[in-house]
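For the record, the sequence lines run as chains A and B.
For what it's worth, the numbering used here labels the leading residue of the first sequence as 210, then goes sequentially.
For what it's worth, the numbering used here labels the leading residue of the second sequence as 1485, then goes sequentially.
Rather than coming from a laboratory, the hints here were simulated on the basis of the structure.
Chain A is faced by these chain B residues, among others (derived, beta-carbon under 7 Å):
1) Arg1505
2) Phe1506
3) Ser1513
4) Leu1516
5) Leu1533
6) Gln1534
7) Ala1537
Beta carbons are placed, not taken as given, at the ideal position from N, Cα and C, and that holds for glycine.
For reference, the chains in residue letters:
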Amino acid sequence: MTLSAPRHSLLFIYCTAILGLMLTVIPLPGLAAVLRPAFCAIVVLYWSTMAPQAGGILLGFIFGLLLDVIGGAQLGQHALAMAAIAYLAIRLHLLTRSKPIFQQSLFVLIALLLYETLLWAIDGYSGRPMNSPARWAHAGTGALMWPIVVGLLGRTHTTR
Amino acid sequence: MAFVGGGLNRQSSQEGSPGVRFAFFAVISLVLMWYDQRDGWLQSVRYYLQAAAYPIQVAVGAPQALWRWSADLLESRESLQAENAALRERERQLAVEVARMAALEKENARLRALNEALPPLVSRSQVAEVISNELTALRQRLLINRGVRNAGAYRSQPVVDARGLLGQLVRVGPWSSEIILITDPEHATPVELVRNGLRSIAVGSGNPNELLLPYLAVNSDVKPGDLLVTSGLGGVFPAGYPVAVVTGIKRDPVLLLAQVRARPLATLTRDREVMLLWFDPEHPAAPTRKEQIDSLPPRDAATAPGPGTTATPAPAGSAPASAPAAPAATPATPEAAPRPATQPKPAQRPLLRPEGRP
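Chain B extracted, bound-state conformation (with noise of 0.2 Å):
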């Protein structure tokens, strides 16, 4: 139809030169990216952009998925029956962990003077599945299946797996979202040592096995194996989140600074399904960055019957001292406080917790 004309013919059907349609097309380009620069409105085009790629990116995926569920089809009965009692193994030492964390945190409590135990600080979790990944030197990022529609997913919000932090959303659409992992080398993770509570930055190296430590002086305190936990700086990940543990360590005298590298706990290249973490808000260890509200646009107004209430940090009483690392990080009331002031229109914000706290 469009081109039935051919080319010798060349105002059949469209109407202004090609130099005119590329300068205007061209002129679109600019002012996007003049903008996405500027990180403004075209949050909202892209997440309608990112809608319209989801299926080209299922599809790319796809490959994958089915290798993996044949694999899954064919695995043999006996692997199927070593992998259960292994899994009933590791299930009974768990439950045992568990009832021995319940009564520690209770005694945490009880040592911190206050009343009653705090709520437990993840108010809320799913599991997502990992659609496609990009592991290459500049981008280490994941496509899960889960976005702002179907389950109320936010930018910024922290992804873990079993094993430790995997990483944070950086774009989230209606269905699915972009995990930045922590070895990204745009990523860096406030993070501290769990042995003596020395604070660092671990960023990423672009190699999915491998986190640095570049702002450690010469002469700090780490040795290989130390465990690192995220500090509860920076107000996106919460506190004590296993993030990795060192490997080696190089001190050059010439040097300030000591070149520390770290293995991610998390199994970055092979997780198949991650978990999204929702904070109870009131908590003070809770990040307290709601990005989330800000960046999107609003979900069906009439689905969310108060988020204010959800959203208003804790009350000043309720986060003293009792947080060492919350405070020091983003002042969790401070900061928090004046947001329901400067948001004038809290009906339209995602509800981010429909059932509320337990």
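One chain only, chain A, in its complex shape (with noise of 0.2 Å):
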């Protein structure tokens, strides 16, 4: 299973990213901020998973120090985070990529989960813990978002 990829792709890859960083910071208001997925890393995951020579850990580090200029976070912790699953989706890519959309949805929880533990870590090493359950409520929903994504993303590139 390849990609036959059009020339501009990287720039489509990023410009994706883009999108979903925006997303990602978009001010919400209570529950909905709660429970948003973390659009930026489903994006990173996407395309680790299906591109996994694209560069994701390269993305997943840009994008993450982006996020954490824009959150006001400790700078590298989302980079840590985001190259962390991106590793993680390229290295396990042959295995998902063939399994059916729910488990895959499965893969990305975890992932997410994975990726939200680190910022926790990082959270309590850097001394501003943060340990209420809510924060890791977001993975379920980026679960539930992984087949609208694949389906959304899956239109901009044939796989053959």
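Taking the hints as your guide, dock the two standalone chains into a single complex.
So this is what it looks like as structure tokens:
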């Protein structure tokens, strides 16, 4: 299963990541903000799975840094977590890509839980602990969002 | 291009296995975090990254801005006229108050036995627009469209709106800055009660309509309706800016401390425009903390024709007991006096008040 990618694909990948970043930082009220999926991380997961040669780790690192700057987090926190899940997705892409979409969602759930756990650990280490279990809630909505993301982004390229 | 080869042809275009690349970026991240925790040279990295993130932040704030703009556009003639009349009325009242204020200032200066009236504390102010806000229980921040390059903003600069104190700048980028509001749980404001001069600390609650005063003794003299103003301690905020009104006090005899709540006067959630303040450094009530000088990369050295002179503290004689609040905080002169010696390159520092004193 390979991608027949157009010439501008790398640019396109970064554009979708920017879109994901915007969705991640748009201010939302109360519960919506808690349940908002980490779109940027999901986009990074998607491209790492579907196009493992496209440099998903660098993509995750760059957009993690931007998230750190916009969100005022420790510089490098989201960058590390995003690079980690991108690495995981790239290592396992042969395994996950051939699975039905439901099992892919499970993998996304695990990856997002790992992502949030890394953020939580770094938060705790750097002295601003935030231990509310609600911070893991977005992994669930993110996993539910996965089929939609696959449906949308899957239309932008062809697999054969 | 990069992934034309596809997943089965692993070593087609990218050098290094994913493991090596991940290790590389993980080490970079760890180094970044290590230095960021220590607040060192990463300030400048953040400064430039903030410039890179600014377009995204503007784009994120765009729907809100568009909504306001269209609301302004569709506002009816009648409501505009009504607003105009109200503003005119208010302007008249304020003009009267200002006239009274000038007389009071003169009288105050005379009572303090100063030969001439002090120069105004605020030497310059600039309006900034709010681009986006983040008002969660953990972070209460505003992003504004003024930074080092388009306004000369500096870190820990006080921000006010028409009604009271709003917060201070925590991160300053070239064209944008982030305000930490006084209601942010990580923020504490040194305040005093106007009625009796009792000093305390107002801590943010994470709720934009509430401040907490957790350090007042159970028998302290606080009443609902008391006005809190900045005390000038801490050297960030100038003394005397209105902050909040006490709304509720719970005195539990078992506890040593009263639980006091206050409502901020500034309309933190609804402000579209805020005001940045620059102070006359020679004024005895001016904030003494000059963080901007240390934390930012230099602006163009050529455009700073002598910032050392404007940043130097007042001569020792001009800040005597005339400012009751300021010396107690961080003694203005002793702390600031050695500064010229510790700053070897004053010519590179950003000039905060290019136009000088009035």
